[in-house]
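Student: Here are the chains, one letter per residue:
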Amino acid sequence: MYWSINLVILIFVIVCALGAIYVKDLLATAILFGAYSFMMCLLWAIMGAVDVAFTEASVGAGVSTVFFVAAVFRTSRRTKD
Amino acid sequence: MVCLTGGLLLYGTADLPDWGDPNAPASLHLSNYYIENAIRDTEVPNLVTAVLADYRSIDTMLETAVVFCAGLACFLLLRDFTPKKDHHYRHVPTGVILHVKNPDRQVIVGNEFEDMDKEWLPPDTIIKTVCRMLIPFIQIYALYVVAHGDFSPGGGFQGGVILGSSFILLAISYNLKYLLKRVSEKFLGILSAAGVLVYMGIGLAAMVLGGNFLDYEKYAPIFGEHHIRALGMLGVEIGVGMSVTAVMVIIYINIVSEGKHDEGL
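Those protein sequence lines, which keep their order, are chains R and E. Numbered per the working numbering, the first sequence finishes at 73, counting up by one with no gaps. Numbered per the working numbering, the second sequence finishes at 282, counting up by one with no gaps.
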């Protein structure tokens, strides 16, 4: 059971990372980064590193997503490439 | 190029020890020392905090300085003091909007007028009410995380981020001016510097009292022997929390308003 939860979350991490690279909409990329951070937070928690998981949840999934959204709000939503 | 670097990195990870390997170099003597002696040395149950804020507290102090520098860089790069040309004023009782273009001199507005954004929308009642009720609880939780850093997961950094994000939530749910009326930019700047200074001050005061830099044991004559290192760590965590809170809000308000501090999300 233990390894299968790990595997599912790892697959989600990779899907989020690839999605963040290939999606053209930058707002969607910001949200995908938030999801990526949240999955990493779950992974840290499974490994027993609760402090790191806490930091990842508050900084990675929380504040940095807000910063990305704010930056997208002030620049453009589409990428050139 | 990317494939080459990635391949080299993957090749390198093959030589790393397994996760939780008891024969890894890090867990041969160093981790064991911390696990066996941290409670006796520091009387703090949370090992991570004991390592971060006591054994390696100079490292954490300079991390706080790095966070402070991030806020400073954001301020210096983005802050824009040039006044804007167009002004929109809303007459609060009636809702009439005046648009003033290129005023020759400063327009004096009375109490009934409110300087507003171009993309101003009336704040949504549901969002406003929910956020108004939620923010005090978020802030209390953030203070709990800061204060309980030595007993449970958390600490100054996480608590500071949560406290800062409660201010950001206020700016999002109302508007940026509403936040800046309550928390001025000057106050944020002073708070971010004061956090680092609190940390360094605790370290320097320990030197004045005759110990090493950040040696919390030397406060025992003032505060008593009981849990003195935990108390020192709490002081340090409060410093970190102050600095991180202020820096998070500074970064947000500078990014979202392009440094003009007038309009934003």
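Just so you know, not all the hints are guaranteed correct.
With the Cβ distance kept under 10 Å, some of the chain E side facing chain R (calculated, not the full set) [claimed, not checked]: (1) A164; (2) I189; (3) S274.
Negatives, chain E to chain R, calculated, CB over 10 Å [said to hold, decoys possible]: (4) W36; (5) N49; (6) E53; (7) N54; (8) R96; (9) D103; (10) D141; (11) F174; (12) S182; (13) D232; (14) H243; (15) R246; (16) M265; (17) V273; (18) E275.
Hints were generated in silico from the structure; no laboratory data involved. In this text, a Cβ means the ideal position worked out from N, Cα and C, and glycines have one as well.
Student: For each hint, tell me whether it holds in the structure or not.
Tutor: Status of each hint after checking the structure:
1. Below 10 Å, beta-carbon pairs count as interface contacts, and A164/E has none with chain R, the closest being about 15 Å; its hint is therefore violated.
2. The criterion of a C-beta within 10 Å of any C-beta in chain R is met by I189/E, whose closest approach is roughly 8 Å, and the hint holds.
3. Given hint, S274/E at the interface with chain R, holds; its Cβ is 8 Å from that chain's nearest Cβ, closer than 10 Å.
4. The beta carbon of W36/E is not kept farther than 10 Å from every beta carbon of chain R, the shortest such distance being approximately 7 Å.
5. Once the 10 Å rule is applied to beta carbons, N49/E is consistent with being away from chain R; the minimum gap is 17 Å.
6. Every CB of chain R lies more than 10 Å from the CB of E53/E, the least distance being 18 Å, so the non-interface label holds.
7. With a least beta-carbon separation of about 19 Å from chain R, N54/E lies farther than 10 Å from that chain, consistent with its non-interface assignment.
8. Chain R leaves R96/E outside its interface by the beta-carbon criterion, the shortest separation being 14 Å against a cut-off of 10 Å.
9. Look at D103/E: its CB is around 18 Å from the nearest CB on chain R, clear of 10 Å, so calling it non-interface holds up.
10. At roughly 17 Å from the closest C-beta of chain R, the C-beta of D141/E stays outside 10 Å, upholding its exclusion from the interface.
11. Residue placement check: F174/E does not keep its beta carbon more than 10 Å from all beta carbons of chain R (closest about 6 Å).
12. Residue placement check: S182/E does not keep its beta carbon more than 10 Å from all beta carbons of chain R (closest about 5 Å).
13. Chain R leaves D232/E outside its interface by the beta-carbon criterion, the shortest separation being 24 Å against a cut-off of 10 Å.
14. Residue-level check passed: H243/E sits 25 Å from the nearest beta carbon of chain R, beyond 10 Å.
15. With a least beta-carbon separation of about 18 Å from chain R, R246/E lies farther than 10 Å from that chain, consistent with its non-interface assignment.
16. The claim that M265/E lies off the interface is violated: its Cβ sits roughly 6 Å from the closest Cβ of chain R, which falls inside the 10 Å cut-off.
17. Chain R draws V273/E into its interface by the beta-carbon criterion, the shortest separation being 4 Å against a cut-off of 10 Å.
18. Chain R draws E275/E into its interface by the beta-carbon criterion, the shortest separation being 5 Å against a cut-off of 10 Å.
Violation of the numbered hints given earlier is confined to hints 1, 4, 11, 12, 16, 17, 18; the remaining hints are satisfied by the structure.
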